[in-house]
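J.: One-letter residues, chain by chain:
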Amino acid sequence: MVGDEVSIQMRNLSKSFVKGKRSVIALQGFDIDIMDGEIMCLLGPSGCGKTTVLRIVAGLETPTDGKLLLRGKPITGPGPDRGMVFQEFALFPWRTVRRNIEFGPEVKGDSSEQREQISSRYVELVGLKGFEDAHPKELSGGMKQRVGIARALANDPSVLLMDEPFGSLDAQTRNLMQKELLRIWAATKKTVLFVTHSVDEAVFLADRIVVMTARPGKVREMIEVDLPRPRDRTSKEFISVRGRVLTELDEEFEKARAKELSPD
Amino acid sequence: MSRSTNMSAMLKKILVPRWRELTLGVLSLVLFVLVWHGVSWYLHETSSDLTPFVPSPRSVGEALWKSASYLPGLDRYTMWDLTESSLSRVILGFFVALLLAFPLGLLMGGSRIAEYMGKPLVEMFRPIPPLAWVPVFLLAFHAFWGPVAIVFLGAFFPILLNVMFGVKNVDQTLVDAARTLGAKKLDIFVKVVVPSVVPYLMTGVKIGLGVAWMCIVAAEYTGLSGGAGLGYYVMLSGTGGQYSYMYATMIMIGILSILTAGVAGLLEQRFYKWSGMK
Chain A
0 MVGDEVSIQM RNLSKSFVKG KRSVIALQGF DIDIMDGEIM CLLGPSGCGK TTVLRIVAGL
60 ETPTDGKLLL RGKPITGPGP DRGMVFQEFA LFPWRTVRRN IEFGPEVKGD SSEQREQISS
120 RYVELVGLKG FEDAHPKELS GGMKQRVGIA RALANDPSVL LMDEPFGSLD AQTRNLMQKE
180 LLRIWAATKK TVLFVTHSVD EAVFLADRIV VMTARPGKVR EMIEVDLPRP RDRTSKEFIS
240 VRGRVLTELD EEFEKARAKE LSPD
Chain B
0 MSRSTNMSAM LKKILVPRWR ELTLGVLSLV LFVLVWHGVS WYLHETSSDL TPFVPSPRSV
60 GEALWKSASY LPGLDRYTMW DLTESSLSRV ILGFFVALLL AFPLGLLMGG SRIAEYMGKP
120 LVEMFRPIPP LAWVPVFLLA FHAFWGPVAI VFLGAFFPIL LNVMFGVKNV DQTLVDAART
180 LGAKKLDIFV KVVVPSVVPY LMTGVKIGLG VAWMCIVAAE YTGLSGGAGL GYYVMLSGTG
240 GQYSYMYATM IMIGILSILT AGVAGLLEQR FYKWSGMK
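The listed protein sequences correspond, in order, to chains A and B. For the first sequence, counting from 1, position 189 maps to 188 in numbering that gives the first Met the number 0; every step adds exactly one. For the second sequence, counting from 1, position 76 maps to 75 in numbering that gives the first Met the number 0; every step adds exactly one.
Check before you lean on any hint, since a few could be wrong.
As the list claims (entries may be wrong) - Label-pair restraints from in silico Cβ distances:
id	chain 1	residue 1	chain 2	residue 2	range
1	A	Arg-120	B	Thr-172	47 to 55 Å
2	A	Lys-18	B	Ala-113	24 to 32 Å
3	B	Leu-138	A	Lys-18	52 to 60 Å
4	B	Pro-119	A	Gly-129	48 to 56 Å
5	B	Thr-22	A	Gly-166	43 to 51 Å
6	A	Lys-18	B	Arg-111	41 to 49 Å
7	A	Gly-129	B	Arg-111	43 to 51 Å
8	A	Asn-174	B	Pro-16	38 to 46 Å
9	A	Ser-197	B	Pro-16	40 to 48 Å
10	A	Arg-120	B	Met-9	17 to 25 Å
11	A	Pro-73	B	Gly-261	35 to 43 Å
Unchecked claim - From the structure, some residues in chain B lie toward chain A, with a derived Cβ separation under 7 Å:
id	residue
12	Thr-82
13	Leu-180
14	Pro-194
15	Pro-198
16	Glu-267
Unchecked claim - Subject to a maximum C-alpha distance of 27 Å in a straight line, what follows is the list of computed DSSO-like cross-link-like pairs (lysine-lysine):
id	chain 1	residue 1	chain 2	residue 2
17	B	Lys-272	B	Lys-205
18	A	Lys-128	B	Lys-272
19	A	Lys-217	A	Lys-254
20	B	Lys-184	B	Lys-11
21	A	Lys-217	A	Lys-20
22	B	Lys-167	B	Lys-118
23	A	Lys-72	A	Lys-107
24	A	Lys-72	B	Lys-183
25	B	Lys-183	A	Lys-66
26	B	Lys-184	A	Lys-107
27	B	Lys-272	A	Lys-136
28	A	Lys-235	A	Lys-178
29	A	Lys-136	B	Lys-12
30	A	Lys-217	A	Lys-66
31	A	Lys-20	B	Lys-167
32	A	Lys-136	B	Lys-205
33	B	Lys-118	A	Lys-136
34	A	Lys-254	A	Lys-18
35	A	Lys-72	A	Lys-178
36	A	Lys-128	A	Lys-107
37	B	Lys-205	B	Lys-167
38	B	Lys-184	A	Lys-72
39	B	Lys-167	A	Lys-18
40	A	Lys-107	B	Lys-11
Since the hints were made in silico from the structure, they are not lab data. Ideal Cβ placement from N, Cα and C applies to all residues, glycine included.
The whole structure should be built from the sequences, with the hints applied where relevant.
T.: Written as structure tokens, this is what we have:
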């Protein structure tokens with residue numbers, strides 16, 4: 000499913016911001032190429048800048064330095080060619096499921112027939128048929144995130160950016176949503192950049208896993224997950240990849256902790 | 000289904016879940032009247048100097064009843080006339096305040112320039128009691144529009160400040176979500192900021208209405224020409240020693256304030272129901 004074309008190219012990406020009187024370097028010399036149709040997971044200790052990478056690609060933040068291209072063109076701001084899914088869902092509470100999904104087409108200026116057609120297609124794709132007229136507060140966490148995914152897909156972006164999208168769901172729902180995401184991914188052929196805390200989730204979903212260093216965030220290791228889908232979490236191969244990622248990550252956790260304890 | 004059963008079903012739906020609140024509310028009112036009666040009776044029995052200032056609930060009730068057709072000291076007017084005149088002043092002043100404060104609040108909450116320019120003015124004029132303007136406004140705008148202008152000042156700031164606060168408290172992730180979906184500034188304003196601000200607006204409206212009623216009494220103190228209001232009659236009956244009528248008028252103001260607050264509350268619930276937010 001992974002194509003030969005580069006979707007997102009990050010070269011020497013850096014981001015620093017001012018916090019009080021100090022300047023904090025969140026990201027330094029971040030370098031990766033994400034291939035078309037690939038699922039890439041970003042893993043790393045908290046505060047390593049995973050979310051910053053995602054927000055920069057989304058265009059919500061501007062890098063301090065470096066080059067960032069989407070299909071060869073520089074990213075200068077948010078755009079409908081990149082859809083984003085948020086950890087806390089970020090659904091518009093006053094809009095129904097259908098109207099949440101139609102938000103993108105609506106600001107693009109699509110006619111109501113076009114919008115209706117689009118929302119019906121994605122309602123069906125994410126399995127929300129029958130809930131079109133419900134408001135977000137009437138939905139469970141998993142269903143809310145289905146709306147979040149459908150809403151991001153409604154613009155037909157080439158890239159789906161996911162910021163710990165299943166982080167606030169319970170374990171069962173989380174596993175179900177991972178399978179659902181893979182099904183939707185196979186049906187839509189999107190490039191997915193996925194930020195997570197969970198090694199298990201990363202190994203289950205990703206074509207490649209980027210383990211990031213503690214702040215300032217850099218690429219520590221790029222791990223290819225060469226396992227056929229659907230993946231079996233109990234298989235020997237799965238456990239071995241999981242072990243490798245955990246070892247890498249543990250060292251960074253230790254470093255992050257040591258840094259936190261030492262005065263600077 | 001007939002119209003009347005429909006109505007009673009609707010009333011049931013509103014009242015039944017709130018019976019506890021309603022019963023306790025009525026109980027508290029009954030207790031208040033009993034205590035009042037006791038105080039009035041005690042003062043009367045002990046021939047206290049304070050007796051005339053605390054008429055019995057019964058005499059105030061009678062005054063309220065009679066005031067529908069006759070007001071001592073104010074020929075050709077009834078309680079209805081006073082109510083009509085005060086209510087229209089309050090509503091007018093309140094709506095002018097709403098129409099100006101809502102867009103200005105959005106502007107000051109959304110634009111730094113507007114905030115920095117508006118804030119010194121707001122901070123300077125807000126602490127001045129609207130009543131300080133009474134003499135000037137009555138002379139400049141006369142008996143009807145003078146009180147309207149004072150009500151306007153009273154209701155304006157609570158609405159303005161709450162709307163401004165609402166804009167500043169818009170959930171930033173919703174704005175981010177809208178931006179990633181391709182929304183430009185105007186879309187974000189219309190489709191994210193304005194709906195987010197409505198609950199804050201309603202808080203401002205409810206506070207503003209309360210202040211409006213407080214203002215009207217004082218604003219009408221001196222105004223007879225152009226239509227006497229409830230505030231004027233509180234003052235007239237009070238200085239004329241007609242305490243039963245004075246209290247009856249005060250009760251009327253309280254009832255009207257509860258009614259307008261109730262209408263605002265119903266509108267608020269309608270909005271929440273329609274928007275699915277609560």
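J.: So, for every hint listed, does it hold in this structure?
T.: Comparing the hints with the structure gives:
1. A:Arg-120 - B:Thr-172: 47 to 55 Å: About 26 Å separates the Cβ atoms of Arg-120 of chain A and Thr-172 of chain B, which means 47 to 55 Å is violated.
2. A:Lys-18 - B:Ala-113: 24 to 32 Å: Once the Cβ atoms are compared, 28 Å apart, the range 24 to 32 Å for Ala-113 of chain B and Lys-18 of chain A holds.
3. B:Leu-138 - A:Lys-18: 52 to 60 Å: holds (57 Å)
4. B:Pro-119 - A:Gly-129: 48 to 56 Å: Because 55 Å falls inside the window, the suggested range holds.
5. B:Thr-22 - A:Gly-166: 43 to 51 Å: holds (46 Å)
6. A:Lys-18 - B:Arg-111: 41 to 49 Å: violated (22 Å)
7. A:Gly-129 - B:Arg-111: 43 to 51 Å: holds (46 Å)
8. A:Asn-174 - B:Pro-16: 38 to 46 Å: At roughly 40 Å between Cβ atoms, Pro-16 of chain B and Asn-174 of chain A fall inside 38 to 46 Å, so the hint holds.
9. A:Ser-197 - B:Pro-16: 40 to 48 Å: holds (43 Å)
10. A:Arg-120 - B:Met-9: 17 to 25 Å: For Met-9 of chain B against Arg-120 of chain A, whose Cβ atoms are near 40 Å apart, the range 17 to 25 Å is violated.
11. A:Pro-73 - B:Gly-261: 35 to 43 Å: violated (57 Å)
12. Thr-82: violated (37 Å)
13. Leu-180: holds (4 Å)
14. Pro-194: Since the shortest Cβ distance to chain A is 5 Å, the answer is holds.
15. Pro-198: This interface hint is violated because 10 Å lies over the 7 Å limit.
16. Glu-267: violated (14 Å)
17. B:Lys-272 - B:Lys-205: holds (18 Å)
18. A:Lys-128 - B:Lys-272: holds (23 Å)
19. A:Lys-217 - A:Lys-254: Given that 27 Å is the threshold and the Cα spacing comes to 14 Å, the pair holds.
20. B:Lys-184 - B:Lys-11: This hinted pair is violated, its Cα atoms lying about 46 Å apart.
21. A:Lys-217 - A:Lys-20: holds (24 Å)
22. B:Lys-167 - B:Lys-118: holds (14 Å)
23. A:Lys-72 - A:Lys-107: holds (21 Å)
24. A:Lys-72 - B:Lys-183: holds (21 Å)
25. B:Lys-183 - A:Lys-66: holds (25 Å)
26. B:Lys-184 - A:Lys-107: holds (13 Å)
27. B:Lys-272 - A:Lys-136: holds (12 Å)
28. A:Lys-235 - A:Lys-178: Given pair Lys-235 of chain A, Lys-178 of chain A holds - Cα atoms ~20 Å apart, limit 27 Å.
29. A:Lys-136 - B:Lys-12: Within the cut-off at roughly 23 Å; holds.
30. A:Lys-217 - A:Lys-66: holds (15 Å)
31. A:Lys-20 - B:Lys-167: holds (25 Å)
32. A:Lys-136 - B:Lys-205: Holds, at roughly 26 Å.
33. B:Lys-118 - A:Lys-136: violated (36 Å)
34. A:Lys-254 - A:Lys-18: holds (22 Å)
35. A:Lys-72 - A:Lys-178: Since the Cα atoms of Lys-72 of chain A and Lys-178 of chain A sit roughly 32 Å apart, the hinted pair is violated (cutoff 27 Å).
36. A:Lys-128 - A:Lys-107: holds (24 Å)
37. B:Lys-205 - B:Lys-167: holds (20 Å)
38. B:Lys-184 - A:Lys-72: Between Lys-184 of chain B and Lys-72 of chain A the Cα gap is close to 24 Å, so the pair holds against 27 Å.
39. B:Lys-167 - A:Lys-18: holds (21 Å)
40. A:Lys-107 - B:Lys-11: violated (46 Å)
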